[in-house]
Amino acid sequence: MENLLKPDYGVLLLTVCNFLLLVYLLKKFAWGPIIGALEKRENQIESDKQNAAAARKSAEELKKELDERLAQISSEAAKQMAAAVKTGEAQKEQLLAQAKEQSDRLLEQAKMQIEAEKNKALADVRKEISTLSVLAASRVVEQEIKPSSADKIIEQVLQEVKGK
Amino acid sequence: MDVAESISHHILDHDWGVVLGGIRIPITTHSVTIFAVSVLLVLGLAWAARKHQSRAGKLVSVLMEEYVSFIRSGIVLPNMGQEGRGMLPYFCTLFLFILTVNLAGMIPEMKTATSNISVTAALALCSGALIVGSGLKFHGFWGFLKGFVPSGTPGWLVPLIFPLEVISLVIKVCVLAIRLFANMLSGHMVLICLLLIIFIIGEMSKFFGVVSMFPAMLLEIFMTCLELLVAFLQAYVFTLLTAIFAGSVIHTH
Numbered sequence: 001m002e003n004l005l006k007p008d009y010g011v012l013l014l015t016v017c018n019f020l021l022l023v024y025l026l027k028k029f030a031w032g033p034i035i036g037a038l039e040k041r042e043n044q045i046e047s048d049k050q051n052a053a054a055a056r057k058s059a060e061e062l063k064k065e066l067d068e069r070l071a072q073i074s075s076e077a078a079k080q081m082a083a084a085v086k087t088g089e090a091q092k093e094q095l096l097a098q099a100k101e102q103s104d105r106l107l108e109q110a111k112m113q114i115e116a117e118k119n120k121a122l123a124d125v126r127k128e129i130s131t132l133s134v135l136a137a138s139r140v141v142e143q144e145i146k147p148s149s150a151d152k153i154i155e156q157v158l159q160e161v162k163g164k
Numbered sequence: 165m166d167v168a169e170s171i172s173h174h175i176l177d178h179d180w181g182v183v184l185g186g187i188r189i190p191i192t193t194h195s196v197t198i199f200a201v202s203v204l205l206v207l208g209l210a211w212a213a214r215k216h217q218s219r220a221g222k223l224v225s226v227l228m229e230e231y232v233s234f235i236r237s238g239i240v241l242p243n244m245g246q247e248g249r250g251m252l253p254y255f256c257t258l259f260l261f262i263l264t265v266n267l268a269g270m271i272p273e274m275k276t277a278t279s280n281i282s283v284t285a286a287l288a289l290c291s292g293a294l295i296v297g298s299g300l301k302f303h304g305f306w307g308f309l310k311g312f313v314p315s316g317t318p319g320w321l322v323p324l325i326f327p328l329e330v331i332s333l334v335i336k337v338c339v340l341a342i343r344l345f346a347n348m349l350s351g352h353m354v355l356i357c358l359l360l361i362i363f364i365i366g367e368m369s370k371f372f373g374v375v376s377m378f379p380a381m382l383l384e385i386f387m388t389c390l391e392l393l394v395a396f397l398q399a400y401v402f403t404l405l406t407a408i409f410a411g412s413v414i415h416t417h
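Sequences listed follow chains A and B, in order. Under my numbering, the very last position in the first sequence is 164; numbers go up by exactly one each time. Under my numbering, the very last position in the second sequence is 417; numbers go up by exactly one each time.
Everything labelled a hint here was simulated from the structure, so no lab data went into it. Bear in mind the structure is a predicted one, so any value in this text is a computation, not a measurement. One or more of the hints may lead you astray.
As the list claims (entries may be wrong) - Derived contacts from chain B toward chain A, CB cut-off under 10 Å, selection only: (1) Ile175; (2) Phe261; (3) Leu263; (4) Ala268; (5) Ser412.
What the hints assert, rightly or not - Label-pair distances were calculated between CB atoms; the ranges are: (6) B:Trp211 / A:Leu20: 51 to 59 Å; (7) B:Val330 / A:Asn43: 40 to 48 Å; (8) A:Ala54 / B:Phe386: 56 to 64 Å; (9) B:Gly316 / A:Asp67: 34 to 42 Å.
What the hints assert, rightly or not - In silico lysine-lysine, DSSO-like type, Cα no more than 30 Å apart, as pairs: (10) B:Lys370 / A:Lys28; (11) A:Lys64 / A:Lys49; (12) A:Lys92 / A:Lys120; (13) B:Lys215 / A:Lys118; (14) A:Lys152 / A:Lys127; (15) A:Lys111 / A:Lys86; (16) A:Lys79 / A:Lys63; (17) B:Lys301 / A:Lys28; (18) B:Lys222 / A:Lys49; (19) A:Lys27 / B:Lys370; (20) A:Lys111 / A:Lys40; (21) B:Lys301 / A:Lys27; (22) A:Lys92 / A:Lys79; (23) A:Lys49 / A:Lys118; (24) B:Lys215 / A:Lys40; (25) A:Lys100 / B:Lys336; (26) B:Lys301 / A:Lys6; (27) B:Lys215 / A:Lys49.
We treat Cβ as the ideally placed atom computed from N, Cα and C, and that holds for glycine.
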């Protein structure tokens, strides 16, 4: 059992040589290619990450620009809308005024026309009445009276009636 | 039954007695195991490092990359910084070599070479050389020596601190060897002792010998699982401590 702690220098030396040779061979044939591939992939990933970050930054800038343009367009549209509403209101007011004026004019014309028609009707009535009156009077007096004289008489009678 | 002899027989290294021109060639069970493990590692890892088309080959390549990544990001870079990148192949080899030698002992008819103080001392010597080499590489000879004395130490304390720090480094390296040796040896000793319990009790009474077989085998299975854990743990501890010691020499206080 005491041999357990007794070093065998031959084995020690052989193990050192064996291990160092193993480190060299593995470095050359295994770890070198593996570490190389790993670092290459990591560099690729890092490069991809940087590209992605740049693309993201570019996309964000584009989005910001588009947002600004959108805001500008919205503001312009709002302005144009307000101007259109204002113009519409003015046109509405104008049209209403024109319509009112036209309606007033038509009303006035209608009134005048009615008045004229009324006067004409009254004149006709008056004439008819005078004719009838003359006829009636001629019948009453049984004498022929000239229409002009009759008109005069009738006018005098009417003035007398109005005066009363 | 001579228990001590049985244990020694199963644990101790056996010299094959090869003598060449009057000089003893150290062909022993442990050195053959180490050689076999080394050949296996070189062939296996060289195959794994090649570009593969098959799914199994790709899986092995991915596993190897994960392993290298683990050693680099988990052991080397946190303890040694970017200066340790160049020593990554050493640490990758160290961990895998210790682990494979530890596990080789679990295979019937093979021996755990790391339960031999000469083997662990050889590995510790290599790690010690790496630690000293790192100090010399990054600080030069005088810078490396200065690193043994913490900054701000009064001048009169330097003659005391300097040898203490040098001895501390030597002890650290020695402890690397003893820790691995003791852990692997003790595990195998316990396994053999558990098996011997059956035979010792069996010599006294065959009936009790048979009865004792069941608890002994259960304990044996438990200890084997524990040995598997210890195999990984000790490989990790040895590699990690080497990186820490090398890091402490590179990044001096």
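Here is what the structure says about each hint:
1. At its closest, the beta carbon of B:Ile175 sits 7 Å from a beta carbon of chain A; the interface hint therefore holds under the 10 Å criterion.
2. At a threshold of 10 Å, the smallest CB-CB gap from B:Phe261 to chain A is about 6 Å, leaving the interface hint in force.
3. Using the Cβ-Cβ criterion of 10 Å, the hint placing B:Leu263 at the interface with chain A is not satisfied: the shortest such distance is roughly 13 Å.
4. Violation of the interface hint for B:Ala268 is found here, the shortest Cβ-Cβ separation to chain A being roughly 14 Å, above the 10 Å cut-off.
5. With its C-beta approaching chain A no nearer than about 22 Å, B:Ser412 sits outside the 10 Å limit, and its interface hint is violated.
6. The hint said 51 to 59 Å for the Cβ distance between B:Trp211 and A:Leu20, and at roughly 22 Å that hint is violated.
7. Roughly 41 Å separates the CB atoms of B:Val330 and A:Asn43, a value that falls within the hinted 40 to 48 Å.
8. At roughly 57 Å, the beta carbons of A:Ala54 and B:Phe386 sit within the given window of 56 to 64 Å.
9. Range check, B:Gly316 to A:Asp67: about 59 Å between beta-carbon atoms, so the 34 to 42 Å window is missed.
10. Between B:Lys370 and A:Lys28 the CA atoms are separated by roughly 58 Å; this puts the pair beyond 30 Å, and the hint is violated.
11. A distance of roughly 22 Å separates the Cα atoms of A:Lys64 and A:Lys49; the hinted pair therefore holds under the 30 Å criterion.
12. With a C-alpha separation of about 40 Å, the suggested pairing of A:Lys92 with A:Lys120 is violated against the 30 Å cut-off.
13. As the CA atoms of B:Lys215 and A:Lys118 are separated by approximately 118 Å, the hinted pair breaks the 30 Å bound.
14. As the CA atoms of A:Lys152 and A:Lys127 are separated by approximately 12 Å, the hinted pair is consistent with the 30 Å bound.
15. Between the alpha carbons of A:Lys111 and A:Lys86 the distance comes to roughly 37 Å, so the proposed pair goes past 30 Å and is violated.
16. For the proposed pair A:Lys79 and A:Lys63, the alpha carbon gap of about 24 Å is at most 30 Å, so the pair holds.
17. Annotation: proposed proximity of B:Lys301 to A:Lys28 holds, straight-line Cα distance about 22 Å (limit 30 Å).
18. Of the supplied pair hints, the one linking B:Lys222 and A:Lys49 holds, its CA atoms being roughly 25 Å apart against a limit of 30 Å.
19. Between A:Lys27 and B:Lys370, the direct Cα distance comes to roughly 56 Å. Violation of the 30 Å bound is thereby established for this hinted pair.
20. At most 30 Å may separate the alpha-carbon atoms for a hinted pair to count; A:Lys111 and A:Lys40 exceed this at roughly 102 Å.
21. The hinted pair formed by B:Lys301 and A:Lys27 meets the criterion: a straight-line CA distance of about 20 Å does not exceed 30 Å.
22. A distance of roughly 20 Å separates the Cα atoms of A:Lys92 and A:Lys79; the hinted pair therefore holds under the 30 Å criterion.
23. Restraint check for A:Lys49 and A:Lys118: not satisfied, since their Cα atoms lie roughly 99 Å apart, outside the 30 Å limit.
24. Pair hint B:Lys215 plus A:Lys40 holds up; C-alpha atoms about 14 Å apart against a cutoff of 30 Å.
25. Restraint check: the Cα-Cα separation between A:Lys100 and B:Lys336 comes to about 112 Å, which exceeds 30 Å; the hinted pair is violated.
26. Between B:Lys301 and A:Lys6 the alpha-carbon distance is near 34 Å, which puts this suggested pair outside the 30 Å criterion.
27. Among the hinted pairs, B:Lys215 with A:Lys49 is consistent with the structure: their alpha-carbon atoms are about 25 Å apart, no more than 30 Å.
Checked against the numbered hints above, the structure breaks hints 3, 4, 5, 6, 9, 10, 12, 13, 15, 19, 20, 23, 25 and 26 and satisfies the rest.
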